[in-house]
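S.K.: Chains as they are written, first to last, in the working numbering: chain B, 1 to 128; chain L, 129 to 217; chain S, 218 to 789.
Keep in mind the hints are simulated off the structure, nothing from the lab. Treat the hints with care, as some may be off.
Here are a few chain S residues that face chain B, going by a calculated C-beta distance under 8 Å [unchecked claim]:
hint: 1; residue: I221
hint: 2; residue: Q445
hint: 3; residue: T446
Think of the CB as a built atom: it goes at the ideal place given N, C-alpha and C, for glycine as much as any other residue.
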Amino acid sequence: MKMNVGILIITHSDIGKQILLTATSVFGITPFRVEVLSVDNYDQPNDVKQLGEKYINFLDEGDGVLVLTDIIGTTPSNIAASINHTNMKVVAGLNLSMILNVFNYPNKSLDQLAKKAIEGGIDGIMKI
Amino acid sequence: MITKKLLIMNKLGLHARAAAKVVSTANKFKSNITLVKGDKNADARSIMKILMLSASKGSDIEIIVDGNDQKDAMKSLEKLFHNGFDEGI
Amino acid sequence: MSIILKGDSVSKGISIGQAIIVNKDRINYVPSFIKKSQCSKEIKKFTNALANLKKEYKKSSKKIKGNDTIIKLMEMQLSFIEDNSFKKNIINKIQNNLFTSSWSISEEYLTIKSSFEDIQDKYIKERLIDIKQMVISLLELLESGDKKDNFNNTNIENRIIITDEITPKDIIDIHYNKGLGVITSHGSKSSHSAILSKSLSLPMIVKAESSKSIIKNNDLLIMDTDSQTIIVNPDNLELKYFKKIQSKRNIIEKDLKKVLKKKTITLDKVKINIMSNLELAEEVKYLNNDCDGIGLFRTEYLYMNRVDLPNEEEQLSAYKKVFKKLKGKPVTLRTLDIGSDKEVSENIKVGEIAKNPALGLRGVRYSLSEKNIFKTQVKAMLRAGYNAHLRILVPMITSLDEIIDAKKLINEAKIELKEAKKKFNNNYDLGIMIEVPACALQADALSEHVDFMSIGTNDLVQYTLAIDRIDDEVSSLYDPTNPAVLYLIKKVIKSCDKSNIDVTVCGEMAGEKIYTKLLLGLGLKTFSMHPQAIPEIKDIILKSDKKKLSRKIYKILECNDLLNRTRLIQSL
Numbered sequence: 001m002k003m004n005v006g007i008l009i010i011t012h013s014d015i016g017k018q019i020l021l022t023a024t025s026v027f028g029i030t031p032f033r034v035e036v037l038s039v040d041n042y043d044q045p046n047d048v049k050q051l052g053e054k055y056i057n058f059l060d061e062g063d064g065v066l067v068l069t070d071i072i073g074t075t076p077s078n079i080a081a082s083i084n085h086t087n088m089k090v091v092a093g094l095n096l097s098m099i100l101n102v103f104n105y106p107n108k109s110l111d112q113l114a115k116k117a118i119e120g121g122i123d124g125i126m127k128i
Numbered sequence: 129m130i131t132k133k134l135l136i137m138n139k140l141g142l143h144a145r146a147a148a149k150v151v152s153t154a155n156k157f158k159s160n161i162t163l164v165k166g167d168k169n170a171d172a173r174s175i176m177k178i179l180m181l182s183a184s185k186g187s188d189i190e191i192i193v194d195g196n197d198q199k200d201a202m203k204s205l206e207k208l209f210h211n212g213f214d215e216g217i
Numbered sequence: 218m219s220i221i222l223k224g225d226s227v228s229k230g231i232s233i234g235q236a237i238i239v240n241k242d243r244i245n246y247v248p249s250f251i252k253k254s255q256c257s258k259e260i261k262k263f264t265n266a267l268a269n270l271k272k273e274y275k276k277s278s279k280k281i282k283g284n285d286t287i288i289k290l291m292e293m294q295l296s297f298i299e300d301n302s303f304k305k306n307i308i309n310k311i312q313n314n315l316f317t318s319s320w321s322i323s324e325e326y327l328t329i330k331s332s333f334e335d336i337q338d339k340y341i342k343e344r345l346i347d348i349k350q351m352v353i354s355l356l357e358l359l360e361s362g363d364k365k366d367n368f369n370n371t372n373i374e375n376r377i378i379i380t381d382e383i384t385p386k387d388i389i390d391i392h393y394n395k396g397l398g399v400i401t402s403h404g405s406k407s408s409h410s411a412i413l414s415k416s417l418s419l420p421m422i423v424k425a426e427s428s429k430s431i432i433k434n435n436d437l438l439i440m441d442t443d444s445q446t447i448i449v450n451p452d453n454l455e456l457k458y459f460k461k462i463q464s465k466r467n468i469i470e471k472d473l474k475k476v477l478k479k480k481t482i483t484l485d486k487v488k489i490n491i492m493s494n495l496e497l498a499e500e501v502k503y504l505n506n507d508c509d510g511i512g513l514f515r516t517e518y519l520y521m522n523r524v525d526l527p528n529e530e531e532q533l534s535a536y537k538k539v540f541k542k543l544k545g546k547p548v549t550l551r552t553l554d555i556g557s558d559k560e561v562s563e564n565i566k567v568g569e570i571a572k573n574p575a576l577g578l579r580g581v582r583y584s585l586s587e588k589n590i591f592k593t594q595v596k597a598m599l600r601a602g603y604n605a606h607l608r609i610l611v612p613m614i615t616s617l618d619e620i621i622d623a624k625k626l627i628n629e630a631k632i633e634l635k636e637a638k639k640k641f642n643n644n645y646d647l648g649i650m651i652e653v654p655a656c657a658l659q660a661d662a663l664s665e666h667v668d669f670m671s672i673g674t675n676d677l678v679q680y681t682l683a684i685d686r687i688d689d690e691v692s693s694l695y696d697p698t699n700p701a702v703l704y705l706i707k708k709v710i711k712s713c714d715k716s717n718i719d720v721t722v723c724g725e726m727a728g729e730k731i732y733t734k735l736l737l738g739l740g741l742k743t744f745s746m747h748p749q750a751i752p753e754i755k756d757i758i759l760k761s762d763k764k765k766l767s768r769k770i771y772k773i774l775e776c777n778d779l780l781n782r783t784r785l786i787q788s789l
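Using the sequences and the accompanying hints, generate a full structural model.
M.R.: This is the structure in structure tokens:
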């Protein structure tokens, strides 16, 4: 069954935006509905959280939302984790190979996509 | 040693409850008792092994009994299989 | 800086305390060997551990004093401990391969695990979980000598436990030893352990996947079950904020406790009954007796997670516990209602899982086809209710024929009891659950054949709106205030009033404060809910005027769009 999971990226400043732009140019298209939130030093976490909640409600078409963030334990990640939306999963450790892997599976369910995100992220880390 | 082929007739096959009955029946006797299904075999006193046979309704199980009380043991097991492990058929 | 983790909340409450990591999932895959001379010593070590594990299981069963459900769970594990081939194979490995007992056990477990992987039958395959639990317990025993059970140490007092999975036995031990809360990386909201933690008011969050890798021993944690988050090493601001919420909650709880002492009457002096729902006989211990009886005792847990069926005596002792604690107040026992979303255990499975279990053989349909199981249960209920106020509730009724057939079987059960010279209650109330629209629409006729009715709103909403309760895709459409549902509830209440019989709402709706005034307005006089919900609901009832509410209902019944209807309900 085809799923339409939405993606929300929440990162320090515009790391997320840049990674998304690069992934889109590599892939050719953005196979998901994606929104990006930048968190800067001058932002109030609560304001960003509220914005995040709005984006998630917008992105959720019934199949849930995958939230990608950069490092666990930092403000962007804490904001992501504190959003109380029923159908969402948060994965930390955003890197380019993570988002590219996710892009390869536009029809997977939220659970499966979270797995692909983790696999993609880890697979990209190696000594050259 | 005596061997016999018996059919699993109850709806749920050789699941945990039925396996437990096989074990308690086997434990009443002294003979060695083995259940064989295809290329898998199980000591009739090991519930884990019996479960691993994964014998569903309609499976053929070969029962091998060897020992002094083999006749009685085989009789009891046959009865158990025939009345579907006391679950009715 | 603090780290925020997510999970699924199981039970309410805010807990602030230090973490203690408990490792339960330890199957060691590192090879270790012994010297040939140590062979017989090692074998003895293993057989002793096996014997001790057996003893421990038996001891735990006694400690929780006749918790029959858990005993049955442990019996299953006991059968694995006593397994012949398991023991033989491990001794062989120690003897022939000179493996240590731990390594032999781990290896044997791996062999068993791979054999189970090929098994198609879902129920047999699931037994591997029981085997794994037994193996873990055995390894713990071996590695710590005779160190006591993890949760029986006093060092979990005032701590929040972090672990992989938790068994019902562990929950009881944690509660007993004054643990503050439980966070597990796996688990499920509907497991046996989850239900128990709710009853014991032990805050619990499951599926917090990164908890074990992020949280370290002694880390300060805040468990915020309302937003389903865990704050690790909160800063002063966060700590202050949550401590404030905690103390506010404590004040509210104290106030509510005072409410419990009052009689439940509305502002316009109508007496309302508030009853308790019960899942496990053991929960009755924690009931504060601030209810007017048991409105629904779900008996399914007596039948689940075990290889056999509970016999008459076992059921009798479980039901008796409830009657004893409730001393003369009405106790409503519901006959076995399996199927739909409840996990079906193999002992009550009837062949292949139906394609549509919600529409299949469940409730009274199952009972009428498995007459012996039904009669055994009825006999136990009749005996337990001797000299007490017994109400027998039959689920999933759709026709008068089913009521007549059920009554026939109950009569047969009574005859059998007479012949066996057992004392039993012959003055019980017989009631039916209204869960299906067909039943609600026939309420007038059916009310003449029963002594009471109980509206199971969970299923009534499901069947009326054709929504699967546990399907995440449609669960947001589940709306108990849909006018069709309200109309059916109102109709049933009216029919019962006409026939002068008691009617209860025992579904989740009864325990949710947003619906209390609505239900009062529809004419409901008896509510049955989870004990934790009683204080708040009672508080609302005390402040409500039933007559005024019933006048406002008409507008709501005619309001067909959700938004406006919700506004009207909120303004009641």
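S.K.: Now look at each hint and say whether the structure bears it out.
M.R.: Structure-based check of each hint:
no.	hint	verdict
1	I221	4 Å, holds
2	Q445	6 Å, holds
3	T446	6 Å, holds
Violated hints: none; the structure is consistent with every hint.
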